[in-house]
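Whenever a hint applies, use it, and build me the whole structure from the sequences.
Below, each chain spelled out in residue letters.
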Amino acid sequence: MARKLPAKDVVIIGLGWTGSILAYELAKSGLNVVAIERGPWRDTATDFPPAYAQDELRYAVRLDLFLRPDQQTMTFRNNASQTAMPIRSFSGFLPGNGVGGAGVHWNGQTWRFLPTDFNIRSHLEERYGKDALPADMTIQDWPVSYDELEPYYDRFEKLCGTSGKAGNLRGQKQPGGNPFEGWRSSEYPTPPLKQGLGATLFAEAARKTGHSPFPQPASNLSEAYVNPLGVKLGQCTYCGFCERFGCGNYAKSSPQTCVLPALMRFPNFSARTESEVTKINLDSTGRRATGVTYVDTSGEEWEQPADIVLMCAFSFFNVQLMLLSGIGKPYDPQTGQGVVGRNYAYQTTSSVSLILKDKILNPFIATGSHGMIIDDYNGDNFDHTGLGFFGGGYMGFGQTGARPIQTRPVPKGTPKWGAEWKKATAETYQRGLSLATHASSYSYKDCYLDLDPTYKDRFGRPLLRMTFDFHDNELKMSAFLTERLAEIAKAMDPVEMTASPRKGPYDSTIYQTTHNTGGTVMGADPSTSVLNRYCQSWDVHNIFVPGGASVFPQNHGYNPTDTVGALAYWTADAIRNRYLKNPGPLV
Amino acid sequence: MNRNTSSQPSRRFLLASATAFFFVGTGLARARTLGGSLPWEPGTATPPTPVRPGPWLFFTADEAAIVEAAVDRLIPPDNRGPGGKDAGCAVYIDRQLAGPYGRSEGLYTRPPFMAGAATQGYQMPDAPAARYRMGLRALADHIKSNFAGKSFRDLAPEDQDKVLKGLESGSIALKDVKSADFFTLLLGNTQEGFFADPIYGGNRDMAGWKLIGFPGARYDYRDWVERHNEAYPLPPVSIMGRSDWTVRE
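So the sequence lines, in the order shown, correspond to chains A and B.
Counting from 4, one number per residue, gives the positions in the first sequence under the numbering used here.
Counting from 217, one number per residue, gives the positions in the second sequence under the numbering used here.
Simulated from the structure, these hints should not be mistaken for laboratory data.
Just so you know, not all the hints are guaranteed correct.
[To be verified] Capping the alpha-carbon separation at 30 Å, the derived lysine-lysine pairs in DSSO-like fashion look like this:
{"hint": "1", "chain 1": "A", "residue 1": "Lys197", "chain 2": "A", "residue 2": "Lys493"}
{"hint": "2", "chain 1": "B", "residue 1": "Lys366", "chain 2": "A", "residue 2": "Lys415"}
{"hint": "3", "chain 1": "A", "residue 1": "Lys415", "chain 2": "B", "residue 2": "Lys391"}
{"hint": "4", "chain 1": "A", "residue 1": "Lys7", "chain 2": "A", "residue 2": "Lys584"}
For clarity, every value in this text was computed on a predicted model and none was experimentally measured.
This is how it looks when you write it as structure tokens:
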């Protein structure tokens, strides 16, 4: 029997990016806020100091900062004819854990979606015809427009201190920036990072072939910066230990470096760590949440009553908790009815690897997000007539590190071990690089999340089950993008080049990205969405999912974090300015 | 190394502050309520524990002999530097198997165990330590019956390579062990040991890093980002520093 705690105004499930932003905004408004986090407290000085943060084995291979599958995992299958198997050790994507969530271990790549991404279905139908999209493709317009979200993108980038160069300031094209991006109300808070040799060579080749390269927007800061919360971030030192690592320099934007020092000062905020929410509780009508139940590390169960419940977990676990709590109608892929678990999507990546002649690339001098990029083939930035697919992505070169357990380029045909392997490894390390495409993943009727019938978590609750595979649209797109990238790569004069477009089936053992989206999508129509345009549950008005990637109706050709942060601020404003005055459905 | 799964009570639990707080659960619970300011206490960091030289912690002497011989064929010594054995790869694997990795600590190990598709990942109940124990025993038996009672260590290097290639391709069938899977595990761990920080027992004297020119656990390249095509001049450094930083008696 759960022991009941004194009621709070707001309970937040998960203290990552969205949880910490909402906590700060609502605590500032005077509400009593508690955040419940299943992982440990984490801070820079204690958990990733520069004395030992640069440990590839511990953090990148043994995944010390990530969610442990024995605490929570999920099952996976490519299609409904297979039996889903548990992901016993994470490798294809890596959910975070602990205070800071995925904001601790990300690379810092900070992208806005395109204006046309927000009305993608109506845009494509208008340009290419009503019948152009495949029948089983379930993409839909977002319930917010780019123009509405722009001020919130701006706020999140100012929170992070993102480094970059604007390409479009209030409609005026800016030299050196991304000519395809949506309008920006202001320049990036800090100037672009410095570029290494590999990115410089890519940019030259891209220009030579008629493209428009620009520096990748980065939340690894080019210079020290004080954000609007008064928190000071440091300058990136290009150490090459970003993704999968915490930053010891206070230079990578994260809840730790951007929000928590200010948030923790509020006397009306507290955080409970190593405590896992097992259920959202509803009243007898099922239309109002009364709070949450959670279990601490001693196994003791607690009930935390609250007036507002904010679901701020990593995307999968928002979906799982909604299904387990009986909120919203579960999606049925047979009938297409129901919404919770619908429109799971991912990201479609590919690579072109090169070996250059007589170069010293110093690939270990790196950050998670410097690099030179082109956006000519993203979204609908290019004419899709006759191509046989929709969608696209950015492409380019970013040196995120060359940590040697996981990064050791060798020429084609090199044996995997022995004398020849050793020689090739030694001779290629300084000359090998891998260009990448990072592209959209549209949603489909048969790609979804539901509860697994067999496998259970440590509390005996069903694991979430993922059913996902790449569709022809995405594979054709990847082939096209990878060909374009290979054309640019040729202009870099490599001695050897290998183009690897994405091929099916989707393989959960090969790391691609941790950009898992959908399942609790936001929309204008309750029959095709879980949340309304304010990320508020259609069914239970005091539950919000404030911007985690589970709200994306499909995934576009960019990394999700900037949009996640923008939607967090968008939701916080809706709660503060509208919901608190008149609690009830906002739409 | 892994605070998440430690059964020790946390020393960095509560922070007294101006705010009201309470301690959730019993005295042993690690769940904490934090508020008022950033929680921080000295002496609570979890640096890695350096591997100490000494006897094998997991391998038997016979197992260690096979592994030392095998890692020296997977990464042979040559004029570029030491091989897997002198670089400590077998010591690295031994210490890893004796620790949380060897037990699959933190992984999802609940039944039922069923064969899945390749895209679904490893689905067997055996943890790495058990896989080495079974794999090395099966390999020893195979060598004994195919090479006149010899052990792997006694084979000529060319024969050792032939055996390793047979495991890699799966053409050598081992009893109750998928030879190609076992080879993949052994090769992966050997290369991990060769390129991981020396604090874990392999990459001795930073041999792996010197081979490719990786400067190791350095943390500031600001002056070097734009010095294109210039070789970085400083030698590698490990989390423990460098041997030439240590005062010798």
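So, going through the hints one by one against the coordinates:
With a C-alpha separation of about 24 Å, the suggested pairing of Lys197 (chain A) with Lys493 (chain A) holds against the 30 Å cut-off. For the proposed pair Lys366 (chain B) and Lys415 (chain A), the alpha carbon gap of about 36 Å is over 30 Å, so the pair is violated. With a C-alpha separation of about 33 Å, the suggested pairing of Lys415 (chain A) with Lys391 (chain B) is violated against the 30 Å cut-off. With a CA separation close to 28 Å, the supplied pair Lys7 (chain A) and Lys584 (chain A) stays within the 30 Å bound.
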